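Asker: Residue-level listing of the chains:
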Amino acid sequence: MEDIKRRLCDIVGERFVSDRAEELFFYGRDPGLMPPHSPDFVALPGTVEEVREIVKLAFREGVPVVPMGAGMTLTGLCIPRKGGIVLDMKRMNRILEVNDRARYTIVEGGTPTGALKAYLDAHHPRLRFSIPDSPAATTIAANVMIHGQGRLTQQYGFNSDMVTGLEVVLPTGDVARIGSCSLSPDWFSKGAPLPDLSGLFLGWLGTTGVITKVGLKLYPRKKMREVEIFITDSPDFIPDIIYEITHTEMTEDINIFAQPLPLIFKDNHHVVVYFTGDTDEELEFKKKSVFHALDRFIKNKDGGFMTVGPGMKQSLLDMPQRSASTFADVTKGGGFEYSGPIILVEKYPQCSRKLDELAEKYDLKYHATARIIGRGHAMMFAFSFTFNRADEDMMDRVRAALREASEFALSAGGVFWKPTVDEQRRLLQAMDPVTRRLMQMIKRNLDPSGIMNPGNWEVP
Amino acid sequence: MSEAGSMFTLQFDEAICASCPSGACLVKCQYLEADREQAKREMLKIFRGEDSRVLQECVTCYACEEYCKRGNHPFYLITQRREEKGILTAPRAITRQWINIGEPRGKYEVGEIKERALSFGFMPQFKDIVKGKLFEDVMPGYFFGQEYFCNVVYIHFANTAVIKERLPRVIRNIQELGVKEVVFMHDECYAAFSSLAPAFGMEVPFKPIHYFEYLYQRLEGLRGDIRPLHIRVAYQRPCSNRLCPRTHRWVPKILDLIGAELVTRTYQDENALCCGSIFRAMYGYDLAADVQARNIEDIVKSGAEYCVFNCHGCQNALSDRLARKGVRPIHMVELCRMAIGENPGFEVP
Ligand SMILES: Cc1cc2nc3c(=O)[nH]c(=O)nc-3n(C[C@H](O)[C@H](O)[C@H](O)COP(=O)(O)OP(=O)(O)OC[C@H]3O[C@@H](n4cnc5c(N)ncnc54)[C@H](O)[C@@H]3O)c2cc1C
Ligand code: SF4
Ligand code: SF4
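Chains as they are written, first to last, in the numbering used here: chain Z, 1 to 460; chain W, 1001 to 1349.
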């Protein structure tokens, strides 16, 4: 062990290696509910070369390596279940290129979403990316790694669909370039017209390599952004409402939320619809189209657009939106976790009723949110609960409720998003055996000694 | 009979309609088409509990309460019948939301209350603007929160049952503050305690004062401090002012006192046009867009430099668009403060 520490220090410098108990304590847990497990070392590489050297060292020594961005997935994906080295990527935070005509950027593997946002705000005010609502310190590479979703997901799909290329340090220490950048200086496509090899990494939760560079699509940023909220008293109307809104092709993001507190939100389901435009006329035209698309619900008294006051409007328009973080503390004691399956929009009523049932059964504060993916192709439905970290019993109840929610989601045709290790196991069990075997082949070939983020995506 | 004066009742006398020379209630209505005979006929049908298109078409602008000069209360009658027949004006979710919003939840605020206090309803925005010399004799004697909220907004939703259920508790809460006089910063609250509550048979153990009257008196007392504003202003009269129409007379008086010229425009006084926000929530896009566009165009055409608001709901609905067209939105309280040389929170040209 001393030897490994010394060699890590040789690679990244002493300042960027630690095996001190207090640091290992923090790197051994995340803000969610998964049991902690300490790493043996934490290392913060500053260059691709350093990542390579660390991975090569780990490969030779058979020591686990766990790549980590901000560690904010809440499902324990960066908890080093078998010890080893946590590879904290936060020093690799440079924005290497913005191609403003082809609308893409290339960033290093530890670049936070907040940094890219600030950079574009300052230097490319006509460009934006699909920013998720996670805290600004969360990283772009991790977000595409877990197939995250952001403000442009309703228009363009999962954030990982917006990747235009990758540079990955393989578990053997080789550096692979994925997409057009494998043969061209231009990072315009992660696959097409070549075979799309990005699938060997995206979604694999760092078990097949360490992303050191990401190419990411940027999109036009309109001068104005607006928000409206359509409310209805029954979850049964939601699938049709979403169908009509997405048919207009006039909206940016579409989120749904339902929660019993504060009272203004009680009893209703809220469809939050975002609009963008360069002129008043453009914005108004889009709004009008969406209002009209929902006329029949309004006429039948099944739903209507609520008045959104200036305060609420501002908080909804914030990017990232902080309401999730605020909600995270309604129980006090700072615990918040959700099970967020990707599932058909038509399952919204079932999911919503299940959440009500679970909240009642386990006596918990809850919050339902959904983000529409693509033109209603699917949604991420979050069964969210808050809890007090000092209350063991409450935490147990949340664990049980989340387990039941996941069970339900799977039975309703959903697939877990950023699954915990247990959920990964359940997915692998439920999966078509040929698909499972294919995953096994990929994993065994890419990471023959099983050092990359072990415990995750382990196909038995 | 009207607010804060002789006893207010919500009676509706069929005979008065039968002999009505004008049918003003519906003839003047800006949202329904009716001539004099149709107006009388529809009102009589409604009175008798028969079906009337008015029960479906009325958009709850409250104006007929003011149009009828013969002591009948057409809007309250429409509301009552809708309630009896279960005719919804708004989508269920919107009604539900508003009812939930008004539910007491222990988050009220009470300042240092003496015999006279200011009621902010449940609009905390007033905390930002109710400041300075005009209010120094009462502030910080204010209160706000659901516990002190009049609940009158529910007549938009044909739901007076909620008002009747909640109002006695609100009256009790205010009474427990030990006040003799309450200055209401919102028309609906003033209407609730000056006319509706008594009409519902509830005793109001304090004197309701409309903030226009209060402002006028304070300004008179501070005459020496007034620097005439020499600006042209339009006034956006809210629906709720139709429930206490006698208070409208203070508007020109106040503006005159502070040297602001009230422009002449189409949609003013009796002919005022709704801000559209409630229409939007209840009926969707077209009606709201139409009234807002006409109203804004009228204000812009009038040459007003400022648009003065009495209700924060109207102000939220129209401010941005007015500002983009070069008309500055301002609340009546802010305007009055400006006239005595106080900075209402933005740069005064
Ligand atoms: C309040 C709140 C709101 C949220 N809202 C959203 C939202 O709107 N949309 C959304 O998508 N998510 C959301 N999330 C979930 C999550 O925080 C984000 O998806 C975030 O992008 C994860 O980034 P991270 O840097 O924290 O990832 P980490 O937890 O650090 O990493 C996630 C996974 O990626 C792997 N990984 C990290 N970096 C690399 C790398 N360079 N190479 C290889 N593997 C790597 C890790 O090993 C791990 O398996 C939210 C979370 C919170 C707490
Ligand atoms: S309500 Fe009034 S204005 Fe209307 S018809 Fe009756 S008396 Fe006339
Ligand atoms: S409330 Fe307004 S819309 Fe309804 S009938 Fe009276 S004037 Fe017409």
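Since the hints were derived computationally from the structure, they do not count as laboratory data.
Please note: incorrect hints may appear among the correct ones.
[Unchecked claim] Below, computed lysine-lysine pairings styled on PhoX-like, alpha-carbon distance capped at 25 Å:
id : chain 1 : residue 1 : chain 2 : residue 2
1  : W       : K1253     : Z       : K313
2  : Z       : K287      : W       : K1325
3  : Z       : K301      : W       : K1085
4  : W       : K1085     : Z       : K223
5  : W       : K1207     : Z       : K299
6  : W       : K1133     : W       : K1164
7  : Z       : K313      : W       : K1325
8  : W       : K1325     : Z       : K222
9  : Z       : K266      : W       : K1107
10 : Z       : K313      : W       : K1127
11 : W       : K1164     : W       : K1085
12 : Z       : K365      : W       : K1127
The structure displayed is predicted, hence computed values, not measured ones.
Asker: Please list, smallest to largest, the hint numbers that this structure does not respect.
Answerer: 1, 4, 5, 6 and 12
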